[in-house]
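Sequence lines, in order, name chains U and P.
For the first sequence, our numbering assigns the number 4 to the initial residue and increments by one for each residue that follows.
For the second sequence, our numbering assigns the number 2 to the initial residue and increments by one for each residue that follows.
Honestly, the hints are just simulated from the structure, not real lab data.
Mixed in with the good hints, there may be bad ones.
The list that follows gives simulated cross-link-like pairs (lysine-lysine, DSSO-like), each with its CA atoms no further than 27 Å apart [stated by the list, open to error]:
no., chain 1, residue 1, chain 2, residue 2
1, U, 95, U, 107
2, P, 65, U, 15
3, U, 58, P, 42
4, U, 79, U, 107
5, P, 78, U, 79
6, U, 79, P, 42
7, P, 42, U, 30
8, P, 42, U, 24
9, U, 86, P, 42
10, P, 65, U, 82
11, U, 86, U, 107
12, U, 9, P, 78
13, U, 9, U, 95
14, U, 107, U, 15
15, P, 42, U, 82
16, P, 78, U, 58
Spelled out from the first residue to the last, the chains are:
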Amino acid sequence: MEPEQKFVTIRKGLLEFLILKIISADKVYVADMMKLLAETDFATQEGTLYPLLSKMRREQLVDYEWRESDSGPPRKYYKLTAKGRSQLAEFKNYWEYLTTTIDKLGR
Amino acid sequence: MNTVIIVNLNGNAFHIEESGHVSLRAYLDGAGAQLRDNPDKGEIMADLEQAIADKCAHHLRPHKNVLTAAEIDGVIKEMGPVQSDGDDTRPAADVPPRPSHAGGGSTAPRRLYQIREGAMLSGVCTGIAAYLNVDVTVIRIAFVVLALLTGGLWIIAYLVMMLVIPFAHTDEERAAATGAPFNAQEVIDRAKKHYSQFKNDREWRQHWRQQRREWRRRWHEGAYWWGHNLQRNVQQFSVHTSYFSQVFAGLMIPLFALLSIVMFGLFIAALVTLTTTGAIFGVSLAASMPLWVAAMLLCLVYGLIASPLHHVRRAIYMQRGGYHQAWFAAWDGLFSVGLIAVIGWFAYTHVPQVHAFSQHFPENIQTMWNNVVESFHHAVAAKPHEIT
């Protein structure tokens with residue numbers, strides 16, 4: 004397995020937490036999330052994002068509200084639920100634990 | 002000639018070429034199959050259709066209301082494969098690392114839009130600022146300066162821009178206006194501002210009415226004060242004029258007239274070379290700067306230099322001329338005309354380019370104008386069809 008392929012697997016698992024982190028700042032619209040992610044290695048597409056968001060909503064990590072837009076149909080703005088916020092905090096702690104563990108082991 | 006099929010994407014009608022329709026149908030069917038067991042299938046499908054509709058609207062213009070098969074393929078590629086929530090093995094980041102979705106890639110051409118978010122009046126300045134990637138304050142100051150220099154003519158130009166430049170409605174268009182994705186803080190600020198503006202609409206209108214009344218009052222007062230002072234100053238100076246200062250004025254007038262005319266000549270020459278060859282005196286423009294922007298900047302720079310010169314000239318004979326103002330004005334005018342005639346004749350006989358240009362004067366003017374207009378049309382996206 005090439006290194007890049009291994010990284011892909013790692014990124015895949017992290018995407019959900021990145022989305023939690025993005026939403027934690029403010030209520031966001033899907034296109035905005037994609038713009039933020041597009042600049043990173045976590046670039047993603049609607050085909051991935053919408054199903055993932057609906058899964059996260061089913062797990063009650065996020066919720067959305069409809070808001071009017073200047074033109075066109077109303078849009079969904081996503082926000083974190085209490086459960087989503089605590090899961091994000093857990094993730095941050097775990098991430099710190101992981102990086103310190105990696106630093107400590109070996110050279 | 003291709004058959005066109007009308008499709009309904011989450012409540013928006015689109016005309017699509019038949020083969021494009023086939024691939025779109027295949028994509029949506031595939032998505033439906035992927036989400037077969039997903040309890041939120043209906044909702045996700047609606048979200049996907051809406052995202053496709055947004056992307057499709059981006060390809061439409063007033064005189065182009067059909068989406069080609071190639072455009073549909075592009076939209077499908079931007080959407081990416083649909084995966085049911087994470088249990089499948091396709092990696093999430095299995096797309097080109099920097100997809101050019103939302104027209105935001107560096108290769109995507111920027112388009113000029115009016116942007117309502119953060120606008121003071123209509124969004125012309127915010128749109129131009131996004132288009133040129135400079136701070137909106139710079140553009141606003143430039144506009145105010147231009148309005149002052151052109152004696153208000155620029156306000157008409159502004160009104161025209163307000164009517165001509167389309168608004169960025171969708172996220173696609175907003176991304177095309179900036180040419181680059183927004184950063185996190187901007188996205189958040191925008192969402193907040195949008196919301197509070199919406200709430201305060203009524204308050205804002207009331208505020209605006211008061212503001213206008215205040216402006217009118219100040220304008221009347223200012224105009225009176227200005228006229229009164231000017232009159233007094235002129236009287237004062239006419240008392241104090243000496244023989245020496247009159248001679249000085251007589252000598253300075255030709256000097257400033259010469260300066261102004263040389264500036265004007267340089268300006269015209271620069272404008273002609275810019276609009277015909279795309280370079281100013283052989284110095285070509287930065288690739289990112291469109292012709293019409295360069296032409297406007299050139300006019301602005303000329304205005305900034307020429308206007309003080311003009312005022313100095315007037316001030317010389319208004320203030321030092323005393324009772325002989327009219328003579329000085331006449332001397333200035335005659336000298337300028339003479340100078341223009343001499344310089345013009347010299348250029349016509351000794352500079353082959355000028356000679357050649359004047360041979361086909363109307364056609365050349367037409368070409369220059371067309372070049373500028375073309376670069377502007379290139380920048381201004383025609384308004385996409387309203388989604389109903």
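Now for the hints, and whether the structure bears them out:
1. U:95 / U:107: holds, 18 Å
2. P:65 / U:15: Given that 27 Å is the threshold and the Cα spacing comes to 40 Å, the pair is violated.
3. U:58 / P:42: holds, 11 Å
4. U:79 / U:107: Violated: residue 79 of chain U and residue 107 of chain U sit about 43 Å apart, past 27 Å.
5. P:78 / U:79: At roughly 23 Å apart (the allowed maximum being 27 Å), residue 79 of chain U and residue 78 of chain P satisfy the hint.
6. U:79 / P:42: With Cα atoms ~16 Å apart, residue 79 of chain U and residue 42 of chain P stay inside 27 Å; holds.
7. P:42 / U:30: Between residue 42 of chain P and residue 30 of chain U the Cα gap is close to 23 Å, so the pair holds against 27 Å.
8. P:42 / U:24: holds, 25 Å
9. U:86 / P:42: Answer holds: residue 86 of chain U to residue 42 of chain P is near 24 Å, not above 27 Å.
10. P:65 / U:82: violated, 38 Å
11. U:86 / U:107: It is violated: about 31 Å lies between the C-alpha atoms, which goes past 27 Å.
12. U:9 / P:78: holds, 24 Å
13. U:9 / U:95: Between residue 9 of chain U and residue 95 of chain U the Cα gap is close to 22 Å, so the pair holds against 27 Å.
14. U:107 / U:15: holds, 25 Å
15. P:42 / U:82: holds, 21 Å
16. P:78 / U:58: Judged against 27 Å, a Cα distance of about 23 Å means the pair holds.
Hint compliance for this structure: hints 2, 4, 10 and 11 are not met, and every other hint is.
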